[in-house]
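Generate coordinates for the entire structure from the input sequences, incorporating the hints supplied.
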Amino acid sequence: NAGVTQTPKFQVLKTGQSMTLQCAQDMNHEYMSWYRQDPGMGLRLIHYSVGAGITDQGEVPNGYNVSRSTTEDFPLRLLSAAPSQTSVYFCASSPRDSPLHFGNGTRLTVT
Amino acid sequence: AQSVTQPDIHITVSEGASLELRCNYSYGATPYLFWYVQSPGQGLQLLLKYFSGDTLVQGIKGFEAEFKRSQSSFNLRKPSVHWSDAAEYFCAVIDAGNMLTFGGGTRLMVKP
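These protein sequence lines are chains A and B, in that order.
So for the first sequence, our numbering puts the first residue at 1; every next one is plus one.
So for the second sequence, our numbering puts the first residue at 1; every next one is plus one.
Among the hints, a few may not be true.
Example chain B residues on the side facing chain A (calculated, C-beta under 8 Å, incomplete) [unchecked claim]:
(1) I9
(2) F34
(3) G43
(4) L44
(5) L46
(6) M99
(7) G104
(8) G105
Read the hints as simulated data drawn from the structure, not as lab findings.
None of these values were measured; they are calculated from a predicted model.
Just so it is clear, CB atoms sit at the ideal spot from N, CA and C, and this is done for glycine as well.
Structure representation (structure tokens):
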């Protein structure tokens, strides 16, 4: 059972480049979400989804897009990377009213 | 909107000493509360959770936490810390949409 799988683990981008962070879960969880982790600020919610075809914004959505075409996958897109998006990104999934399962994170650096 | 405060950014304890990490929350309804631990370079692992019932909850790795509604607190405790407990600890509260709000984290260092 792989759980929540995030790829890549590390990524370096130049300002203005685009990329997609991948997240897949094999537990048939309804809820999926993306967080970014910055020093001293804990984890902040970027976008989330309560099921296939349904997404919504979290606390810090600007500069990011998501889609949820299947239950398993929840990619996070950066359309035009900025240095302020340098962070560690975590994807999480859960059944309804249950604790989140986290991936191991993607460390992104934007130069 | 809910919020979580962890007043201590860094804590250092000696191995074998007791530990208490503080967490205060702000949430209008009955909260669902969690403690997660993050080892360096790793994702977050659930230590314990409080949904309802007994206010003292037991978790993995010998941790426990006590929910005190009157103080809006959910402090994490361990009677005797091991060197392997050195990590960052996050308290979190869940909202009606099943989304977590995290505190800023407390980094625990353990002295030999």
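Regarding the hint that B/G105 lies at the interface with chain A, is the smallest CB-CB distance below 8 Å?
At about 5 Å, which falls below the 8 Å cut-off, the nearest Cβ of chain A leaves the hint on B/G105 intact, so it holds.
When the least beta-carbon distance from B/L44 to chain A is tested against 8 Å, hint result:
holds (4 Å)
Quick one, is the B/I9 hint okay against chain A at 8 Å, beta carbons?
holds (7 Å)
Is the interface hint satisfied for B/L46? The criterion is a beta-carbon contact with chain A at less than 8 Å.
Because about 5 Å separates B/L46 from the closest Cβ in chain A, which is inside the 8 Å limit, the hint holds.
Quick one, is the B/M99 hint okay against chain A at 8 Å, beta carbons?
holds (5 Å)
Interface hint for B/G104, Cβ within 8 Å of any Cβ on chain A
holds (5 Å)
Hint check, B/F34 versus chain A [nearest Cβ-Cβ separation less than 8 Å]
Holds, about 6 Å.
Hold the hint about B/G43 up to the distance rule: shortest CB distance to chain A must be less than 8 Å.
holds (4 Å)
In this structure, none of the earlier numbered hints is contradicted; all agree with it.
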